[in-house]
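There are 2 protein chains.
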Amino acid sequence: MRCEIVAVGTEILLGQIVDTNSAWISERLAEAGIDCHLQTVVGDNPERMSKTFEAALGRAEALIITGGLGPTQDDLTREVVAELMGVELERDEQIVEKIRDRFANRGRTMPENNLKQADIPVGALPIPEMPGTAAGLICPIGEEKVIYVVPGVPIEMKQMLEGTVIPDLVSRSGIKSVISSRVLKTWGHSESGLAEDLAEEIKRLDGDGELTLAFQASGIEGVKVRITAKASDKEKSDLLLDAEEEVLRELIGEYIFAIDNETMESVVLGLLKSQSLTFATAESLTGGMIGTRLTDIPGSSDSYIGSVVTYEAGLKSSLLNVPKDISYVGQEAVEAMALGVCEVLGADVSVAVTGVAGPSPHEGEEVGTVWMASSIKGEVESFKVVFPFDRSQIRQFTVITVLNALRKRLESRK
Amino acid sequence: MRCEIVAVGTEILLGQIVDTNSAWISERLAEAGIDCHLQTVVGDNPERMSKTFEAALGRAEALIITGGLGPTQDDLTREVVAELMGVELERDEQIVEKIRDRFANRGRTMPENNLKQADIPVGALPIPEMPGTAAGLICPIGEEKVIYVVPGVPIEMKQMLEGTVIPDLVSRSGIKSVISSRVLKTWGHSESGLAEDLAEEIKRLDGDGELTLAFQASGIEGVKVRITAKASDKEKSDLLLDAEEEVLRELIGEYIFAIDNETMESVVLGLLKSQSLTFATAESLTGGMIGTRLTDIPGSSDSYIGSVVTYEAGLKSSLLNVPKDISYVGQEAVEAMALGVCEVLGADVSVAVTGVAGPSPHEGEEVGTVWMASSIKGEVESFKVVFPFDRSQIRQFTVITVLNALRKRLESRK
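Protein sequence lines correspond, in order, to chains A and B. Quick note: the first sequence, position 171, residue 228 per the working numbering, numbers continuous. Quick note: the second sequence, position 1, residue 58 per the working numbering, numbers continuous.
No wet-lab data here; the hints were simulated from the structure. Any given hint could turn out to be false.
When chains are identical, the list treats them as one kind, so a pair holds in a single copy or across two.
Straight-line alpha carbon distances no greater than 25 Å define the calculated BS3-like cross-link-like pairs of lysine-lysine that follow [claimed, not checked]:
#, residue 1, residue 2
1, Lys260, Lys173
2, Lys202, Lys108
3, Lys471, Lys330
4, Lys173, Lys155
5, Lys215, Lys471
6, Lys330, Lys260
7, Lys441, Lys108
8, Lys215, Lys281
9, Lys260, Lys202
10, Lys173, Lys108
11, Lys381, Lys281
12, Lys281, Lys173
13, Lys293, Lys330
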């Protein structure tokens, strides 16, 4: 089963936005064992769209089209696909109702031109998931081939892919073997360093056909090691994954902080909850980013109680009782912040950060200098890092580095 | 002059990396006035590469290929392009020297297989810029057409594009006209609503050839309206943009909050600075996200001093003097937070938010209910919104909505 991806949108061809959808879809296809040999981006031009779709269907059995489903005159995917199917567009009353609902829920009246989004090719099947006002479609092309049409809005596209498109493709392709994968997330070692530590193991697996390892450097998400297993059923492939994870933990376990959808934040919050500890943060250069990432996780309020962001240096003294006559970018200051925020907010555990995100040096410290501390029941530990990065990266690496330090301390208390 | 872009790399087709090169190149082409009608991604497979390149050259006069220039067996772009040109590969001694230099500079010995990178099609012209070990190439195809081959490493690709490829394309195309564009960022109106408000204007411009309008819904960045102008020189195209912006401000000015690279945060910080006001935030459901976005902007410390994040409801009373016997998700609470944070942190201006991000209702309020307030020199204003979104979107829309409310108040003080 071969599947191609076409992203529709002049804004992509003009470089105004980067098409991240195609990479995301490709990854899902690869996981499902479906070949994808070509991705194309085409503008909102019916003639070129038509040629592109037709050429793709000449090479592959399935085509996923993203974009061109909006309510404006530019949005032509429905029309062009109908023409390829050799049918007319017809208004779908169920989709009309859904669109009206979306507007009603937001307390807005629906502009009439939004009804264009309910005109679908005769014979096309609407995809049940419909988080926005654009309906996804399954469009049979003759007896053998199929076009899936989904919106370009990533959140809507992803729901439709996971809920309907990928399962439908897998069932059409008659794939019998199961491919499973597991991602081990690591922090604190380079990609090439991990590759060296795992060189023997990669050699051992090479050519066995059942298990493969792949690395992916993911910036502030660390370096991911993906184990992929192929077997006749899910139970067997899961057993392969379990065994291989054990081998890898022997070799690089000290760097692994999370599995699959876990994040540094979710792991830290899980440890805090299991140890019945409340948690607060004192932030300076990160401006609230540690709290933002923690509270992005539903249920974070079980442990996380709040934060004091002392962006102006003087607030460190007035709000967190940091002594006034010391450097605010230093060990004494960061430890006082960690202890101070526990006291002021009434928390068991805290982390604190203070440093220089740039663009200019500050208090005599160079850009990238960050002091970090964690406090657990009044016991404080701290360290300094100098990041050779830009402002945005310094802030992001600070968040994950200080949370990783706390994670290690909490792990060792278990 | 039409130019297509092909990115070569199985890792892109597997979704392991996102192809950001094509968007970057497209933007440069659009700026230079060169049409780009199609982008393609193809894997490291010589047959499919060849078909893809040939098809592109069938539609366009120029082709830019990124990737497949490394030293490994997978890297086949040189071979495939030589075949299309109908010539052999030949070792280029000047490139050999450059590659040896690169290794010597890093104090490493050159692996022999790196010399493969010096084998270029007979008749191809090396691109002078060569920051890495891969040489870019200008490859004439017959009398009329041309292929540019550049590495996939973004920093190397960009140097070659800016230094050689774009100037060469412009000179070949004989282009005299200049294309400029300006983005007006709007908040508070739907894409279809804006399209309705601007329908007459779009009709007026249609076919004039000098000016076009396009919409782009960008989630929490609002809806962008892009004006594109074409003229004989930059001065004239800028005048066209100025005139059209004025027309659009008459029609939809109330929704426009920023231009081009400005953001809601940068506009608010600019207004605060020009009015010499200090700024603090009191956050609850956003967990620090307002502060994070503000402090992402270099120079935010000119106005922004800090934040109190009261994620646990009780902290609203103990830290911000919110009365204890009221609902923490309500008008009285949010106004007390806004006033309290100004008092405690010593700020002139503040915003405060309290609400229910979900997943469950809280204090009897449904998920998505958010109270927002802004305070300027002790004068507080507040309002309630019920967002029909998920947790992450509720938090993000809260940030931009409350900042937009403050922006309007600051604008009206000017």
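Results of checking the hints against the structure:
no. : hint            : result
1   : Lys260 x Lys173 : between (56 Å within a copy, 19 Å between copies)
2   : Lys202 x Lys108 : both (16 Å within a copy, 22 Å between copies)
3   : Lys471 x Lys330 : within (12 Å within a copy, 49 Å between copies)
4   : Lys173 x Lys155 : within (13 Å within a copy, 58 Å between copies)
5   : Lys215 x Lys471 : neither (38 Å within a copy, 44 Å between copies)
6   : Lys330 x Lys260 : neither (40 Å within a copy, 60 Å between copies)
7   : Lys441 x Lys108 : neither (58 Å within a copy, 49 Å between copies)
8   : Lys215 x Lys281 : both (22 Å within a copy, 23 Å between copies)
9   : Lys260 x Lys202 : neither (37 Å within a copy, 39 Å between copies)
10  : Lys173 x Lys108 : within (23 Å within a copy, 37 Å between copies)
11  : Lys381 x Lys281 : neither (43 Å within a copy, 47 Å between copies)
12  : Lys281 x Lys173 : between (43 Å within a copy, 21 Å between copies)
13  : Lys293 x Lys330 : neither (33 Å within a copy, 63 Å between copies)
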